[in-house]
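A.B. asks: Spelled out, the chains give:
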Amino acid sequence: METKATPQRIVTRIEGEEGSLETARQGGPAARMQAPHKEHLYKLLVIGDLGVGKTSIIKRYVHQNFSSHYRATIGVDFALKVLHWDPETVVRLQLWDIAGQERFGNMTRVYYREAMGAFIVFDVTRPATFEAVAKWKNDLDSKLTLPNGKPVSVVLLANKCDQAKDVLMNNGLKMDQFCKEHGFVGWFETSAKENINIDEASRCLVKHILANECDLMESIEPDVVKPHLTSPKVVSCSSCAKS
Amino acid sequence: MADNLPSEFDVIVIGTGLPESIIAAACSRSGQRVLHVDSRNYYGGNWASFSFSGLLSWIKEYQENGDTTNESSRWQEQVLENEEAIGLSKKDKTIQHVEVFCYASQDLHEDVEEAGALQKNHASVTSANSTEAADSACLPTEDESLSIVSCEMSAEQTPSSDPESAPEVNDAEATGEKGDHCDDKTSEEETSTNVPTAADTIEQPKKNRITYSQIIKEGRRFNIDLVSKLLYSRGLLIDLLIKSNVSRYAEFKNITRILAFREGRVEQVPCSRADVFNSKQLSMVEKRMLMKFLTFCMEYEEHPDEYKGYEEIAFSEYLKTQKLTPNLQYFVLHSIAMTSETTTTTLDGLKATKNFLHCLGRYGNTPFLFPLYGQGELPQCFCRMCAVFGGIYCLRHSVQCLVVDKESRKCKAIIDQFGQRIMSTHFLVEDSYLSENMCSHVQYRQISRAVLITDRSVLKTDSDQQISILTVPAEEPGTSAVRVIELCSSTMTCMKGTYLVHLTCTSSKTARDDLEPVVQKLFTPFTEMEIEKEEVEKPRILWALYFNMRDSSDIDRNCYKDLPSNVYVCSGPDCALGNDNAVKQAETLFQQIYPNEDFCPPPPNPEDIILDGDSSQPGASESIAIPEANSETPEESANLENPQAPSE
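Just so you know, the protein sequences line up as chains X and V, in that order. Numbering follows the UniProt record's numbering, in which position 128 of the first sequence is assigned residue number 128; successive positions increment by one, without gaps. Numbering follows the UniProt record's numbering, in which position 372 of the second sequence is assigned residue number 372; successive positions increment by one, without gaps.
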């Protein structure tokens, strides 16, 4: 619906000071105690084959914008979405795209690490991308578990449903069964183009993450050093000076 | 799964070790099209870290030493008349003398497999058996595994276990990975309902005993480094991480203790001012002496008369002339300057001492940091950076040859395992990929390494979460000092209740010959029959690995035969404690390739990245604007952060 919009510039905050994992602890949610607010920061992964619409979903969700013009994700680690969950709770979501070009399934541990949840996306118009879903899920579970050892919550997104209206309608039961077998917490037919179900899918994922959260609080790791943080006026300025 | 690679790049990097990964990130960051490949199925090459099962696969690979990749012979056709091909090595020869010892009890009447770990990558390359095991993907719930950890287990050794599927184990007949897996979880439950049947369980103390099957089950908790290094808190790598903002991908722990081994005892070395004053082992006089000397070292350059005439004389001799007791001389020489070699001159010793003191206190009470999840994270952090800026990654992707133009003697392209020809302007190759022929004149040094899993720390204190470094001086001339780094479970490199101990030295013989004497001094093998003999006993070894790694760090590029001028060689890890060598190498090579480009500048401020969401400007496909002028440096933004953040 916005595709005909006049040229528009969108600012992407890949890493605002608060957006980075700095405030999150070891695999855990960060409760920043300012005011009576509870703030949570979650890293979410958006995974799936090339061209299934991962970046479009993120852009739609974070920037309310869709572009049919394909573009690989360059220079951007993640996009930040702030949700006002309820009057007391603010949830910040970092949506990590798989750096467009890391497309051969060789993701670094850095990408997976400390994520609290994931979307696995496939394209309803291309059956091969659905066949890859189980592979992505296995890969994810093999590389990432919550600090308590359980797998992270994953929601399955059947994207581009605007292009194939009834492909899945008949398969709803099968999809439910598939999700159960493969350990997805839910599935949604989505369209980044028409903005269908993306907010809903995200709410579903966040709800599951929040529900898991209490058993994770204990796993917070103390004494972790983050060089960029704890080095306010450091020597590295000298090396920057020459740049 | 993926379509064909693009056929042209600006830079092709072969090997994913630390120097290669830094260069890949630097090139990608400065806008070059980068292809980064590794023939292995994991990141990092000899800089990698492995889960326990991953390490077993790695060991197997080197012990079998026989696997050949299936290659297409089509590549000859791709080489034109005016070109020639320089073949690359198919076999990695950098690791030798791999020996494994398992001391933990192996109650393998059950089939054991790593909990929740699919580790497909490793498995697929090595043993078909473990692939099956992995594929069965039975995920025991954490509760079950935990209950096993906390319960005493009877140790029964069953002759029925299958030695074939396990890596060669020298003095124990069985190991974990069994060929046929069973995918029922009841086996574990049986294990945990431990009935003390075997005679030797009767006298067992009320302690957790870690068995081999627990190590296997908790295998994912391990991240075992092939190289054992630390980061100097003001070293080049930390500075690079901060400058490039790659540090956002990594987290670190402080090394908490510097230890020394004297007269058969392990003791803590006081190094910071607070340590010195709080030390119980030093007398008042010694405290004053040490402080005075360390204060002098901080600014030794300003007092050249203090060491005049000693510059080129051994540091140890110089220390004798200072007002220091033998005790203090030992600390300074071995634990602070860490220059145990008798050849170290006074000047180098003072420099090393100053560097140590200079790094103190930036992040903690010792000068060192260790990356959570192991050293193997660091190359991956740079790879992520490279990918985020458009670099393409292919593991399990080998390169058959470099294609060289006969006339210009320049490399034009590579031909990969599928016979695809990929062009590029510059080529970076990790030296283990170079063919034997090319390296025929090269003399390598070797590094001796040992990895131990132990059940307690070498020096027990109130906290069981200590990270320690200990230098054991050489005993005989001609051998070298052994560096021991002990990691606790909060470094995310080993399971709870165990310690991961890394030993490293420059090789004079095989790793086991070099290191076993030190291992025997500090540790004792775990044995089942053992009763609580002594209260203060040495840590017990549950599992041990020895191997030699090639040290190619000082090789001049002229040593390689017929190297085209646009092919640059990166070395494997060196034996030093820090990572300066890798960073220097990366920066030097990058400057050679792109003399006018900035090396790993900070990424643009998020606020300044503008994604053009409009499709009506098809020309602007790369529409990310990077206004340099007003981009805030990461340091500045760090300033805005709560300085207390780590303890938050």
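Hints are computed from structural coordinates only; laboratory data are not their basis. The beta-carbon is built from N, C-alpha and C at its ideal position, and this holds for glycine as well. Wrong hints could be hidden among the right ones.
[As the list claims (entries may be wrong)] Heads up, simulated BS3-like pairs for lysine-lysine below, C-alpha to C-alpha not over 30 Å straight-line:
#, chain 1, residue 1, chain 2, residue 2
1, X, Lys226, V, Lys351
2, X, Lys143, V, Lys93
3, X, Lys226, V, Lys496
4, V, Lys323, V, Lys292
5, V, Lys351, V, Lys584
6, V, Lys280, V, Lys354
7, V, Lys308, V, Lys280
8, V, Lys90, X, Lys143
9, V, Lys496, V, Lys90
10, V, Lys90, X, Lys135
11, V, Lys91, V, Lys584
12, X, Lys180, X, Lys193
13, V, Lys509, V, Lys496
14, V, Lys561, V, Lys412
15, X, Lys137, V, Lys496
16, X, Lys226, V, Lys460
17, X, Lys81, X, Lys137
18, X, Lys226, V, Lys308
19, V, Lys354, V, Lys287
20, V, Lys354, X, Lys226
21, V, Lys351, X, Lys143
22, X, Lys193, X, Lys150
23, V, Lys412, X, Lys150
24, V, Lys410, X, Lys143
[To be verified] Stretches of chain V that chain X covers, calculated by requiring three or more beta carbons in the stretch to come under 8 Å of a beta carbon on chain X:
#, stretch
25, 320-330
26, 366-376
27, 383-391
[To be verified] Far from chain V, some chain X residues (derived; all Cβ distances over 10 Å):
#, residue
28, Asp77
29, Lys81
30, Thr108
31, Asp223
32, Lys226
A.B. asks: If a hint holds in the structure, say so; if it doesn't, say that too.
C.D. replies: To see whether the hints hold, each was checked on the structure:
1. Lys226(X) to Lys351(V): 27 Å, holds
2. Lys143(X) to Lys93(V): 29 Å, holds
3. Lys226(X) to Lys496(V): 23 Å, holds
4. Lys323(V) to Lys292(V): 9 Å, holds
5. Lys351(V) to Lys584(V): Answer holds: Lys351(V) to Lys584(V) is near 19 Å, not above 30 Å.
6. Lys280(V) to Lys354(V): OK: Lys280(V) and Lys354(V) at ~24 Å, within 30 Å.
7. Lys308(V) to Lys280(V): Status violated; Cα separation ~34 Å.
8. Lys90(V) to Lys143(X): Holds, at roughly 28 Å.
9. Lys496(V) to Lys90(V): Judged against 30 Å, a Cα distance of about 39 Å means the pair is violated.
10. Lys90(V) to Lys135(X): Satisfied, since the Cα-Cα distance of roughly 29 Å is no more than 30 Å.
11. Lys91(V) to Lys584(V): 27 Å, holds
12. Lys180(X) to Lys193(X): Answer holds: Lys180(X) to Lys193(X) is near 28 Å, not above 30 Å.
13. Lys509(V) to Lys496(V): Not OK: Lys509(V) and Lys496(V) at ~34 Å, beyond 30 Å, violated.
14. Lys561(V) to Lys412(V): 18 Å, holds
15. Lys137(X) to Lys496(V): Roughly 27 Å separates the two Cα atoms, so the pair holds.
16. Lys226(X) to Lys460(V): 27 Å, holds
17. Lys81(X) to Lys137(X): Given pair Lys81(X), Lys137(X) holds - Cα atoms ~24 Å apart, limit 30 Å.
18. Lys226(X) to Lys308(V): At roughly 41 Å apart (the allowed maximum being 30 Å), Lys308(V) and Lys226(X) break the hint.
19. Lys354(V) to Lys287(V): 18 Å, holds
20. Lys354(V) to Lys226(X): 24 Å, holds
21. Lys351(V) to Lys143(X): Answer violated: Lys351(V) to Lys143(X) is near 43 Å, above 30 Å.
22. Lys193(X) to Lys150(X): 34 Å, violated
23. Lys412(V) to Lys150(X): 49 Å, violated
24. Lys410(V) to Lys143(X): 41 Å, violated
25. 320-330: Our answer is that it is violated, as 0 residues pass the Cβ test (under 8 Å) against chain X, missing three.
26. 366-376: Per the Cβ count (3), the hint holds.
27. 383-391: n = 7 at 8 Å, threshold three: holds.
28. Asp77: Violated, because the least Cβ-Cβ distance between Asp77(X) and chain V comes to about 6 Å, which does not exceed 10 Å.
29. Lys81: 14 Å, holds
30. Thr108: The assertion about Thr108(X) is violated, with a minimum of 4 Å to chain V.
31. Asp223: Contrary to the label, Asp223(X) does not stay out of reach of chain V, its closest Cβ about 6 Å off (not over 10 Å).
32. Lys226: 6 Å, violated
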